[in-house]
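Okay, here's what each chain looks like letter by letter:
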Amino acid sequence: MSFLNRYFLIGLAGAAIPILIHLLTRDRVRRVAFSTLRFFANASRNVLRRKRIYEMILLAMRTAACALLAIAFARPFLASGEGGLGGLLTPGTARVIVVDLSASMGREGLLTPLREEALTALNSLSEGSDAAALVTFTDAARVEVPFTRRLGEVRAKLEAIAPGHGGTRIAPAVQQADVLLRPVKARAKEVCLISDLQRTGWSDFAGDWKLAPGVRLVVRPVQPPKDAGGLAIVEADTPQSVAMSRTPRTLAVRVANFSGAERRDVEVAFSMGGKEIAAQKVNLRPGARVPVRFRHAFETPGDNPGVVRVKADDAVAADNEFWFNVRVIPRIPVPILNGRPTSSPMTDAAWFLQKALAPGDDTPFLARSIDATKVLPDEFQDARVVILANVGEVAPAVHDALAALLQRGGGLLFLPGDRVDAEAFNRSLGDLAPCTLRRIVTPAARADERAEASIARVDYEHPVFEVFQRPHHGDLTTARFTQFWEVTDSQLSRVLARFDDGRPALLERQIDAGTSMMLVNPADLQWSNLPLRAIFLPYLHQTVRYLAIRTEGRTAFRVGERLGSHLHLAPGGQVRNEDVTPGHQLRGPDGKLFETTDVVATQPGLYAVLDKGGKEVFQFAVNRDPTEADPAAVEPQEIVAALERVQGEVVSGEENVQASQRPGRDDQAGLWWYVLLAVAMLSLGELALGNRAVRH
Amino acid sequence: MAKSQYLDFDVIARISNMQLLAKVVVEGFILGLHRSPYRGFSVEFAEYRQYTAGDEIKHIDWKVYGKTDRYYIKQFEEETNLTCHILLDSSGSMAYKSRETGLSKLQYGSCLAACLSYFMMRQRDATGLTVFDTKARLMLPPRTRQSHLHRILTELDHLEPGGETNVAGPLHDLAESLKRTGLVILISDLLDDPQKVLSALQHFRFKGHDIIVFQIMDDAELTFPFDSMTEFTDLETSEKLLVAPEGIKPVYMAELRRFLTAYEKGCADLRADYKLFDTRSPLELGLSEYLHRRSQMN
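Taken in order, these protein sequences are the chains called A and B.
Numbering-wise (the working numbering), the first sequence opens with residue 1 and increments by one.
Numbering-wise (the working numbering), the second sequence opens with residue 1 and increments by one.
Note that these hints are calculated values from the structure, not bench results.
All values reported here derive from a predicted model rather than from experimental measurement.
Certain hints may be false.
Pairs of lysine-lysine, DSSO-like flavour, derived with a Cα cap of 27 angstroms [to be verified]:
no., chain 1, residue 1, chain 2, residue 2
1, A, K51, B, K240
2, B, K240, B, K196
3, B, K275, A, K51
4, A, K355, A, K374
5, B, K275, B, K97
6, B, K275, B, K249
If you only want the chain B side, here are some residues facing chain A, beta carbon under 8 angstroms, derived [claimed, not checked]:
no., residue
7, D218
8, L222
9, F226
10, T233
11, L241
12, V251
13, L256
Ideal Cβ placement from N, Cα and C applies to all residues, glycine included.
Generate the whole structure from the sequences, applying the supplied hints.
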């Protein structure tokens with residue numbers, strides 16, 4: 001607990017007033033010789049005891065009321081995050097030692113000076129009168145030891161620190177130290193940052209905050225000798241999922257030379273399954289960054305883990321490797337039920353779909369158009385997704401086959417057009433669609449504009465549109481629709497996109513184990529220009545991929561990332577974003593097994609998810625932040641200037657933060673009203689009890 | 001006239017025109033104010049009875065003979081003097097005197113006893129004094145001589161409070177020792193078990209005595225004016241007790257009321273007079289009020 005007006009706490013001495021009054025005015029025992037004690041001998045002891053209890057309670061209430069009154073005027077508040085030091089006396093110096101344990105600190109010869117600097121910062125404090133806290137950081141900051149006067153605890157922790165494989169983020173770590181210091185009352189507050197000060201770890205600082213007033217930042221750089229760096233892979237580009245194809249795919253890495261000497265004939269090898277596939281030799285001048293590319297045809301369905309390795313004697317071997325896993329997906333058969341097969345591409349409902357799904361040989365989809373009137377139920381046996389393009393109704397047997405597909409977990413995509421009769425559709429396919437059809441809508445023409453609608457709102461949280469969320473990654477709003485179907489009974493469906501008049505454009509509904517989607521437009525040129533837009537192909541691929549296998553799991557992570565939120569298993573062993581099957585284990589690069597997949601990656605290498613029988617379900621690669629290899633450092637003065645606050649300085653953008661914090665503090669300072677209320681309650685209680693005591 | 005610290009002539013003057021008569025028939029040696037068990041030829045006519053051989057002829061009422069032609073003897077009721085026994089409690093509790101009152105209960109009782117003695121002897125009633133605590137300490141038999149009054153007053157002047165109160169025991173002894181029926185006046189604070197005391201009074205009543213009970217209480221005993229933490233010491237047993245008076249007062253007052261009511265009701269059942277004296281109130285007021293009430297009852 002802290003106080004806004006701590007000098008009012010002097011008033012706590014007033015708590016002694018009731019005690020003094022009690023002592024001065026307490027009943028002096030009067031001695032009286034009386035004729036007989038027979039009339040009160042029995043009751044007197046009880047009365048006397050009760051009277052003394054009353055007096056003690058009254059005295060306690062009066063003392064408490066006086067003390068609380070003083071506390072109320074001192075305006076108490078509970079500072080957020082108030083740690084164990086809150087109850088201690090004010091220390092002389094409160095120092096947070098912030099130690100960098102990123103992968104770059106693992107370079108040879110850095111750990112010892114790191115510890116020495118940290119211990120020097122600690123040993124300059126006085127045991128018992130000063131306080132220290134220890135924060136370590138990589139990508140994220142971690143409070144190892146909260147504020148304590150027992151400096152031995154911090155020392156013991158410092159003796160045991162060791163760098164990990166994480167990246168470097170300096171600013172959040174210093175901010176964490178600032179948060180620790182905030183509730184602490186001390187004559188001097190310091191943050192002591194001990195790091196190699198990698199520029200890549202500082203470049204993400206946006207300059208939107210500063211240390212609290214009065215907090216001093218001391219930066220103790222621990223850096224290797226100049227030109228002591230080695231070779232490292234600083235960039236890599238490998239595919240995560242590819243469709244099975246004989247076409248070679250490119251794996252590219254960029255190798256940098258951070259040493260001061262030219263390195264010639266450096267061998268960079270590409271291996272898979274422990275077998276070296278290819279190797280290249282490169283020459284690297286000091287500071288040079290040279291790309292190395294490998295081409296390989298991934299023809300084995302499933303996981304294809306591997307590593308690109310720079311073969312060189314190096315100070316840090318870990319940054320010479322880049323692990324990857326290319327997941328090869330077999331081709332997905334996509335039957336397209338064509339409700340309007342014509343010879344003209346302009347009017348054929350399935351022509352654009354087929355072209356978009358199979359633009360070349362290297363496509364993950366096996367799309368084929370089938371006349372909806374001639375389709376047989378057997379044609380859906382191996383399908384995982386079926387597209388119904390401008391199909392109004394189907395035969396009952398086909399309906400049953402489609403329903404069975406949904407029960408298997410497959411997907412249906414409806415694209416109703418002019419060949420669809422609403423009543424027939426609703427009767428024949430209504431139970432398989434996410435909604436029923438009402439009527440065809442032609443948007444009203446506005447002044448100087450054509451009568452057309454566009455998609456105005458998109459649910460970018462949905463997996464289909466996730467990839468389009470970032471700017472310049474696809475824009476559905478560029479498509480123009482001259483006609484579309486108005487739908488109804490869509491209460492149970494999720495609307496993924498809406499037209500500018502608010503009507504649903506794309507709907508999704510879970511039916512049994514499968515998913516049914518409907519774009520209320522046939523995606524031909526009669527009703528829209530969507531097939532001609534650039535986004536049509538990726539949109540269609542995303543949708544079909546989602547309906548068939550939803551999304552593949554990621555196969556590449558970085559050290560420090562939480563794996564569990566991304567590792568999901570679908571029934572049948574395929575990777576999905578759905579529930580994790582209980583009982584699966586995670587195997588780390590060192591062979592260590594984790595009972596849960598919800599773990600943070602701590603070391604680079606290949607991880608594998610094992611099923612209950614110990615069989616590998618899928619693998620993924622974890623790599624260090626490649627920027628960790630870059631030894632370029634920022635100047636300590638730059639960090640101090642950026643973070644230390646000049647007297648009275650207000651940081652742009654921080655006003656809002658401070659303003660948002662201030663009411664919280666004021667709210668907490670409002671505690672004094674509650675204390676005053678307690679004083680009032682005590683006074684009333686004292687009055688009532690006092691009267692009762694007098695009556696007795 | 002005998003001179004005593006307890007014989008207040010203001011009191012005497014106030015009650016001088018009153019009489020304290022026995023409510024029951026009592027025996028005496030000389031003619032007095034009180035009804036005698038013996039019938040004789042005194043001044044007070046009682047009844048007529050037929051003449052029998054041996055009766056004195058002078059007592060024949062000749063007027064009746066003239067009218068009825070029969071001999072009737074005219075009988076007169078004899079009056080006698082009273083034998084009064086004043087029993088004064090001198091136990092330790094009678095020594096209590098609160099700040100506000102000038103007299104202790106024993107002093108007040110002595111004053112009362114002196115006044116009554118003077119008063120009775122002026123009526124030519126034989127008056128005796130018995131002083132007791134746990135047992136009878138002093139017994140002056142009833143006499144009518146003026147010198148006896150002097151002796152009573154002298155003894156009252158030299159009274160000292162004694163030990164514990166044991167009213168019932170001495171009363172039983174006294175009830176046995178008194179030969180002639182008369183008036184028994186008990187002056188005490190009666191701080192004893194009411195049942196035992198009333199039983200002793202019943203003993204007197206059984207012997208034919210007229211009983212008057214004067215209970216003497218200090219004003220502090222009746223009102224319990226204490227308001228601060230007080231350690232009370234029992235005057236008789238020296239027992240000490242720390243008391244918060246403001247808390248104990250209701251209990252005390254209730255107990256006191258029960259105690260006084262027990263005596264008042266018990267005395268009424270015994271057809272004995274009961275009068276409570278507060279030592280703070282003037283003696284003459286209480287005494288004259290009582291004598292007036294008793295005369296009305298007679």
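### Task
Go through the hint on B/V251 and say holds or violated, using the shortest Cβ distance to chain A against 8 angstroms.
holds, 4 angstroms
### Message
Would the hint linking B/K275 and A/K51 be met if the CA-CA limit is 27 angstroms?
### Response
violated, 37 angstroms
### Message
Need the status of pair B/K240, B/K196: alpha-carbon distance at most 27 angstroms?
### Response
holds, 26 angstroms
### Task
Double-check B/F226 for me: the hint is only fine if its C-beta lies closer than 8 angstroms to a C-beta in chain A.
B/F226 check passes; min Cβ-Cβ to chain A is 7 angstroms, inside 8 angstroms.
### Query
Against chain A, is B/L222 within 8 angstroms by beta-carbon distance?
It is violated, given that the least Cβ distance between B/L222 and chain A is near 11 angstroms, above 8 angstroms.
### Message
B/L256 was flagged as interface toward chain A. Is the shortest Cβ-Cβ separation under 8 angstroms?
### Response
holds, 6 angstroms
### Query
For the hint on B/T233, does the least C-beta distance to chain A fall short of 8 angstroms?
holds, 5 angstroms
### Message
Hint validation: B/L241 versus chain A, beta carbon distance must be below 8 angstroms. Holds or violated?
### Response
Holds, about 5 angstroms.
### Pair hint outcome, A/K355 versus A/K374 [Cα-Cα no greater than 27 angstroms]
With Cα atoms ~21 angstroms apart, A/K355 and A/K374 stay inside 27 angstroms; holds.
### Query
Within 27 angstroms, alpha carbon to alpha carbon, are A/K51 and B/K240?
holds, 19 angstroms
### Message
Quick check on B/D218 please, does its C-beta sit within 8 angstroms of some C-beta on chain A?
### Response
It holds, given that the least Cβ distance between B/D218 and chain A is near 7 angstroms, below 8 angstroms.
### Message
Please verify whether B/K275 and B/K249 have alpha carbons no more than 27 angstroms apart.
### Response
Since the Cα atoms of B/K275 and B/K249 sit roughly 24 angstroms apart, the hinted pair holds (cutoff 27 angstroms).
In summary, the structure is inconsistent with hints 3, 8 from the numbered list given earlier, while agreeing with the others.
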